[in-house]
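Chemist: Take a look at the letters that make up each chain.
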Amino acid sequence: MKKTGAQIFVESLVAEGVDTIFCYPGGATLYITDALSDCDIRQIVVRHEQGAVHASDGYARASGKVGVSLVTSGPGATNTVTGIATAYMDSIPIVIFSCQVNTALIGNDAFQEADIVGITRPCTKHNYLVKDVKDLARIIKEAFHIARSGRPGPVLVDIPKDVSASLTEFKYPDKIHIRSYQPTYFGHPGQIQRAMRQIASSKRPVLFTGGGIILSGASNELTKFAEALSIPVTNTLMGLGGFPGNHQLFLGMLGMHGTYAANMAITESDLVIAMGARFDDRATGKIDEFAPHAKVIHVDIDPTSISKNIKVDIPIVGDTKNVLHKMLDILAEDKESFKGFQASIHEWLKKITKWKKDFPLTYQKNGGLKPQYVIERIYELTKGKAIITTEVGQNQMWTAQFYKFLKPRTMLTSGGLGTMGFGFPAAIGAQTAFPRSLVIDIAGDGSIQMNIQELATAVQHRLPVKVVILNNGYLGMVRQWQEFFYEKRYTWTCLPHPDFVKVAEAYGAAGYRIDKEKDVDKVLKEAFRNNQPTFIDVHVDPMECVYPMVPAGASLKEMLLV
Amino acid sequence: MRHIISVLVENEFGVLSRISGLFSGRGFNIESLCVAETLDPTISTMTIVTTGDDAIIEQILKQLNKLINVIKVIDFRDTDYISREMVLVKVNAEEKTREEILRMVEIFRGRIIDVSQKTYTIMITGDEEKLRAFLALVRPLGIKDLVRTGPVAMARGDRTIKMKEKQPKGGNEDG
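As you go down the protein sequences, you meet chains L and D in turn. Position 153 of the first sequence, counting from 1, maps to 153 under the working numbering, and the rest follow consecutively. Here the working numbering runs 1000 ahead of the position in the second sequence, where the first position is 1.
Keep in mind the hints are simulated off the structure, nothing from the lab. All clues stand as given, with none of them false.
Straight-line alpha carbon distances no greater than 30 Å define the calculated DSS-like cross-link-like pairs of lysine-lysine that follow:
id, chain 1, residue 1, chain 2, residue 2
1, L, 131, D, 1066
2, D, 1062, L, 286
3, D, 1066, L, 311
4, L, 286, L, 203
All chains, please: the whole structure from these sequences, using the hints.
Modeler: Here's what the structure looks like:
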């Protein structure tokens, strides 16, 4: 029996095991919208297409499955671009279906036409325009495969309206074959041996791990490996949760707002073992002075990440989990070679312990309610078991510093693109994937307003997301730079904000306000128990800054401490 | 340093803009770009002339390989190769210079493919040096118009561009 493109779309999604999509309708989606009306796929209709993509992204980050969104042509499609670029920078597997005007109208400047395939080419892993309904099932299969394999990333599929209406025979392909796409999963054995020899002869090694550990599900292997050799671990922002944040070998995050211990360890290290990290400028500081005494081993599934920003001595292209497995095997077989290493590592650990003790993350406790305190309390109250999303700016950095992430996929943050407005819809996506988990977006009063309309989505679908707004009345991170580097001229950064409690209530959500330290625990506990979507408006010290800070362009050892 | 790279790609719409977009988006240079179908009509070859130091060329090769539609990337840096380019050049051909132009075209094994009262249009193929030498010779006569194809390249001897597909490798010694 022949089926329409719209029916094929729905059945293909079912075949891919998709249980949820984030969507927004329009003229061009109508056949598909109609076909979705009688299927089991949960459909979360958002209030802005950017929210749909961030939500599918949050769903993917929290669950490890491919996130799916569906939007209409023209403005519906262009509204997804920020969401797509966010997922692209952080290698998140999502598939975005945009609908398109009829094939006959493409190129004619038709109503609600945009060349979304052209627009998203540089910010997708791959994208497709479906020109013939006969190609639809194969393209959907390929899109999911490309999104989740290799270095994951967003894939966009543009479906013209007439294609969704056309009829063809349907069979979902069970095999996939893309001759030009074969990611490398297993690291070169010779290179891995070389890396292990290098580690054995190192005196001051550091594991420097990023989002790749989380994407490949390698946290257990990483922890085993670090423990087996007592090698200290620092994470990039994207790597948080990949190694237990309360582990004694954990140094904290490195980089611009990294810990003293992490930045000093990198600076004095003689061997940086980078895994699933891409040497982003926020992590490395001044690149010429990054780890000046160290050899570098770099394990990454994406060859373009290797030797892009920094010269690598031992490159290993492969999936971090497989490579770590192989390294653990070598270690088990050849303990002898590491005897000298075990003897010398203690000197290094002693030095690191002293750094941690002398310069821990801290903040001054005078003045108003401190945002860092609020995050510490959130950690204590949730025992580190919540799924945390963040917006971008000070709220994000304080979360990275003061919440100890114990497990992978519990820290969902826009690391690469730094997208304000990400955290709230991402929390909605995570809550959809894990309805019973406590999902908390740690926001600022600036960021939350970038996708605040999604509160209607959360209310409609009964997604009890908690938003803790660290309200300082400023775009705090930019204000902080103005304080340090632009003679305290707070141009554009002091913005009036609405009463967030009233906003929450107007949407049918719950709203709380906290002004004093003594109320923090009581109100947070109550808010976390509330089964509604909830805003918690926390009025914090407006002038608080994120420390330590490595000024842009400076080397990691040049930190401004409190 | 100047480099010639051949890229085998799926012969599909949009592939050219993926490649050119990669170069512009990442700030790589393209001196010339030449695209056409291969023996296998589902595959096209792009010959790209680019410049950059070793690190940049390495990134260019890796980034090209990363594109889903790219089947194979060949860097001619370390191989013995031949390359040829074609130029169409329209030069002033007055009564007194016509003979001389004909002689030069013959010496350079070019051909005159169009003639008018005042001009000759010359087609000439060769490697870069030959074309440069020829153009230097005709320049004093007055070049009215000039079009170049950009070079295409091929390995010398028996070696061919194998249509081998990308294989899942056990990593790569040089990353």
